[in-house]
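Q: Fit chains Y and Z to the known structure of chain U by using the hints.
Chain by chain, the residues:
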Amino acid sequence: MGLNPAQKEAEKSLLLTTVEKMGRWAQKSSVWPATFGLACCAIEMMSVTNSRYDLARFGAEVFRASPRQADLMIVAGRVSQKMAPVLRTIWEQMPEPKWVISMGACASSGGVFDNYAIIQGVDHVVPVDIYVPGCPPNPEALMFGILKLQEQIMKGIPPKYQRLAMEAQTP
Amino acid sequence: MNQNDPEIVERLQSQFPDALQSVAAIDQPTLQVGLPDLLRVMTFLRDEQKYKMCLDVLVVDYLPTHPRFEVVYHLYEPWKHARIRIKTRVAINQSVPSVTPLWPGANWPEREAYDLFGIVFEGHPDLRRIYLPDDWDGHPLRKDYPMTGTRID
Amino acid sequence: MAADKLESTQTADPSQTMIINMGPQHPSTHGVLRVRLELDGERVVNAEPVIGYLHTGFEKTAENLTYQQCNTITDRLDYLAPMTNNLAYVLAVEKLLNLEVPKRAQYIRVLFAELTRVASHLVWLGTHVMDLGAMSLFFYTMREREVILDLIEDAAGVRMNPSYFRIGGIAYDLPEGFHEKVHAFVKDFPRWMKSYRHLFEGNPLINERLEGIATITQEQALGLSVTGPNLRATGLPLDLRKDEPYSSYDEFDFNVPVRSGADAYARFWVRVDEIYEAMKIIEQAIDKITPTGPYTSSNRKVSLPPREEIYGNMEALIHQFKLVTQGFVVPAGEVYQAVEGPRGEMGFYIVSDGGTKPYRWRARTPSFYNLQTMPLMCKGGLVADVITAIGSIDIMLGDVDK
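Going line by line, the protein sequences match chains U, Y and Z. Counting from 1, one number per residue, gives the positions in the first sequence under our numbering. Counting from 1001, one number per residue, gives the positions in the second sequence under our numbering. Counting from 2001, one number per residue, gives the positions in the third sequence under our numbering.
Next comes chain U alone, as it looks inside the complex (with noise of 0.2 Å):
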């Protein structure tokens, strides 16, 4: 039998899904990073919000000055040891889901500072979801760092300090 023209043109209008994936497609559409650019990979992080990598164009559109506004936290350049606590601080006043990208090597690792003022990777003090390396990482490479993110929301896969929380709950 089929369905009648009308249906048809009424099918075409409708999107079937669950709330979930909604939420999750609404999420990674609208990542909005604070503004943690500390050292050289802040200018980077610069760059690809300009009109040449343009990162607007994947829902990162603003670039929230105050950590209640923002999702998304891109620690761009090295952690010293004064910083370390401010930026646990930054952190903890994000509202939930919160992310982190570890943009560069010196924040993944302490890149080529293997000294006493610079902390050895950000993960140290904050759970890490993604690390993007360089020195300093492309502004290509920060995007693919970002739309890798924007995979991870969409598959569900929760945000490392939950899934941290999680193991450190089970026995």
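No wet-lab data here; the hints were simulated from the structure. One thing to keep in mind: the hints can contain errors.
Said to hold, decoys possible - With a straight-line cut-off of 35 Å between C-alpha atoms, the simulated DSBU-like cross-links for lysine-lysine are:
| hint | chain 1 | residue 1 | chain 2 | residue 2 |
| --- | --- | --- | --- | --- |
| 1 | Y | K1050 | Z | K2095 |
| 2 | Z | K2242 | Y | K1050 |
| 3 | Z | K2322 | Y | K1080 |
| 4 | Z | K2322 | Z | K2103 |
| 5 | Y | K1143 | Z | K2357 |
| 6 | Y | K1080 | Y | K1050 |
| 7 | Z | K2379 | Y | K1080 |
| 8 | Z | K2379 | Y | K1143 |
| 9 | Y | K1080 | Z | K2288 |
| 10 | Y | K1143 | Z | K2301 |
| 11 | Z | K2357 | Y | K1087 |
| 12 | Z | K2322 | Y | K1143 |
| 13 | Y | K1080 | Z | K2242 |
| 14 | Z | K2242 | Y | K1087 |
| 15 | Z | K2379 | Y | K1050 |
| 16 | Z | K2301 | Y | K1087 |
| 17 | Z | K2095 | Z | K2242 |
| 18 | Z | K2301 | Z | K2095 |
| 19 | Y | K1080 | Z | K2280 |
| 20 | Z | K2301 | Z | K2357 |
| 21 | U | K28 | U | K12 |
| 22 | Y | K1087 | Z | K2095 |
| 23 | Z | K2357 | Z | K2095 |
| 24 | Z | K2242 | Z | K2301 |
| 25 | Y | K1080 | Z | K2103 |
Unchecked claim - Only part of the chain U face toward chain Z is listed, based on derived beta-carbon distances under 10 Å:
| hint | residue |
| --- | --- |
| 26 | T18 |
| 27 | R78 |
| 28 | I90 |
Stated by the list, open to error - From chain Y, some residues computed to sit far from chain Z (all C-beta separations above 12 Å):
| hint | residue |
| --- | --- |
| 29 | N1002 |
| 30 | P1006 |
| 31 | V1009 |
| 32 | D1037 |
| 33 | Q1049 |
| 34 | M1053 |
| 35 | N1093 |
| 36 | S1095 |
| 37 | P1097 |
| 38 | S1098 |
| 39 | E1122 |
These numbers were taken from a predicted model, which means no experiment stands behind them. The beta carbon of each residue, even a glycine, is placed where N, CA and C say it ideally should be.
A: Chains Y and Z in isolation, oriented as in the chain U frame:
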């Protein structure tokens, strides 16, 4: 060699006989001064010889020798474009007279020298740590401080 | 409007002042700068910068690296103008070594130093005007900077932090087609710059926010060891490229912009004029560089031999091996060499003990000294003028915190 002020060494030697020792250097006139004469020499250089800019105050740690630290001052005369380097030796628990009253720009470099080497500058308006957290232990740029500090990983 | 510093209708009683913390995470402090503001209403009683949030321990790290390896960390000091730091460092070591650099390599160094000066001033212009409220100029200037970064990427392989200069010359020769690209850039740039000037030249909003703000006299600036455009805006024409020329700068014809207003407006226009002067130098430099020729010193004890030689010549292979694994030996002594960077006098003081690693490696970074002027500039002004002051000093936190 920066010879834009060629007679500066003679003028200094005639003003302060026996207080200065000339050191051979390839880039600018360099003089070694004893700690008691430091402020007088600096005041003379700033007021009479017009070395109005103190470009840098830094410390070098020559560990096995005594006195251990050498404080180096780079001065600049902006009209003749003349440079001069003044050095003085300091032992580990000795204090150095501060040149901040003469050149306010020496404020932060002296705080940095205190922070990273542990040298106390007498007469400094606000001597406290500048780069490291206030409760840090030790002075990192000394030669006997390990590269990775007290870090565990 | 010009801040009325002499009169205040509010009292400055200590029990009435408010202490507010600005930063270290703040969109307008251009990095991790923390300012401790003591306010009496909207007026600033004291603005004290607290630094150290980006302290990296460069000087300690450099004592563990060979002279050639130290070149790679110099980029990270003033990361907006990396070639300038490179240049200061390699000139210092070459002075200690008494090494002769071929003229062609010197011209290439001048070309890249001026390209990074233009790139750094473009970022300054974009962010400074963005802080004052005009966001669109930021996107325009960063777009021009992308063209410069393309040129640097062509030659050095990396956009930022290229470490392109080596002790003895430069790392790789210029690629094919480079001359045409630079000519195209030099031809296009004035047209874009003219259209951007329409946005800020004569703009009453920008003028009101800059004129008379953040003043500092020449006497105060000299006492505080201020160098670079901040000092040239007080009327003193101090520029190391003219006063103590290095790397063949004396063969180039350019002017040094000087203004005497000593306020944020004067500093703004000194830097904008410097962009045009740098373009003049770039044009002259690219004409002086021959398409082929020596790009590094022929002293094999210091510079790496060209790859073709290594495959056939035993001595070249041994030189390559020793230079890469051990590094070269620098005779004992000390040297201070400074260059004119976009922010001021960038200098390196190196003490060598006759080994392959520096004994003491000191970077005289300009922003560290320039930032000491902040309390003087902000006292008595409004809170919004603190942002103007930070932008007009043009600080770079990598420089400040080393």
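Q: Are the hints correct? Go through all of them and say.
A: For each hint, the structure was consulted:
no.: 1; hint: K1050(Y) to K2095(Z); in the structure: 27 Å, holds
no.: 2; hint: K2242(Z) to K1050(Y); in the structure: 21 Å, holds
no.: 3; hint: K2322(Z) to K1080(Y); in the structure: 44 Å, violated
no.: 4; hint: K2322(Z) to K2103(Z); in the structure: 27 Å, holds
no.: 5; hint: K1143(Y) to K2357(Z); in the structure: 14 Å, holds
no.: 6; hint: K1080(Y) to K1050(Y); in the structure: 10 Å, holds
no.: 7; hint: K2379(Z) to K1080(Y); in the structure: 33 Å, holds
no.: 8; hint: K2379(Z) to K1143(Y); in the structure: 40 Å, violated
no.: 9; hint: K1080(Y) to K2288(Z); in the structure: 31 Å, holds
no.: 10; hint: K1143(Y) to K2301(Z); in the structure: 29 Å, holds
no.: 11; hint: K2357(Z) to K1087(Y); in the structure: 23 Å, holds
no.: 12; hint: K2322(Z) to K1143(Y); in the structure: 27 Å, holds
no.: 13; hint: K1080(Y) to K2242(Z); in the structure: 12 Å, holds
no.: 14; hint: K2242(Z) to K1087(Y); in the structure: 28 Å, holds
no.: 15; hint: K2379(Z) to K1050(Y); in the structure: 28 Å, holds
no.: 16; hint: K2301(Z) to K1087(Y); in the structure: 32 Å, holds
no.: 17; hint: K2095(Z) to K2242(Z); in the structure: 19 Å, holds
no.: 18; hint: K2301(Z) to K2095(Z); in the structure: 15 Å, holds
no.: 19; hint: K1080(Y) to K2280(Z); in the structure: 27 Å, holds
no.: 20; hint: K2301(Z) to K2357(Z); in the structure: 15 Å, holds
no.: 21; hint: K28(U) to K12(U); in the structure: 25 Å, holds
no.: 22; hint: K1087(Y) to K2095(Z); in the structure: 21 Å, holds
no.: 23; hint: K2357(Z) to K2095(Z); in the structure: 16 Å, holds
no.: 24; hint: K2242(Z) to K2301(Z); in the structure: 32 Å, holds
no.: 25; hint: K1080(Y) to K2103(Z); in the structure: 28 Å, holds
no.: 26; hint: T18; in the structure: 37 Å, violated
no.: 27; hint: R78; in the structure: 6 Å, holds
no.: 28; hint: I90; in the structure: 6 Å, holds
no.: 29; hint: N1002; in the structure: 7 Å, violated
no.: 30; hint: P1006; in the structure: 15 Å, holds
no.: 31; hint: V1009; in the structure: 17 Å, holds
no.: 32; hint: D1037; in the structure: 22 Å, holds
no.: 33; hint: Q1049; in the structure: 14 Å, holds
no.: 34; hint: M1053; in the structure: 5 Å, violated
no.: 35; hint: N1093; in the structure: 21 Å, holds
no.: 36; hint: S1095; in the structure: 21 Å, holds
no.: 37; hint: P1097; in the structure: 18 Å, holds
no.: 38; hint: S1098; in the structure: 14 Å, holds
no.: 39; hint: E1122; in the structure: 20 Å, holds
Comparing the model with each earlier hint shows violations of hints 3, 8, 26, 29, 34; every other hint is respected.
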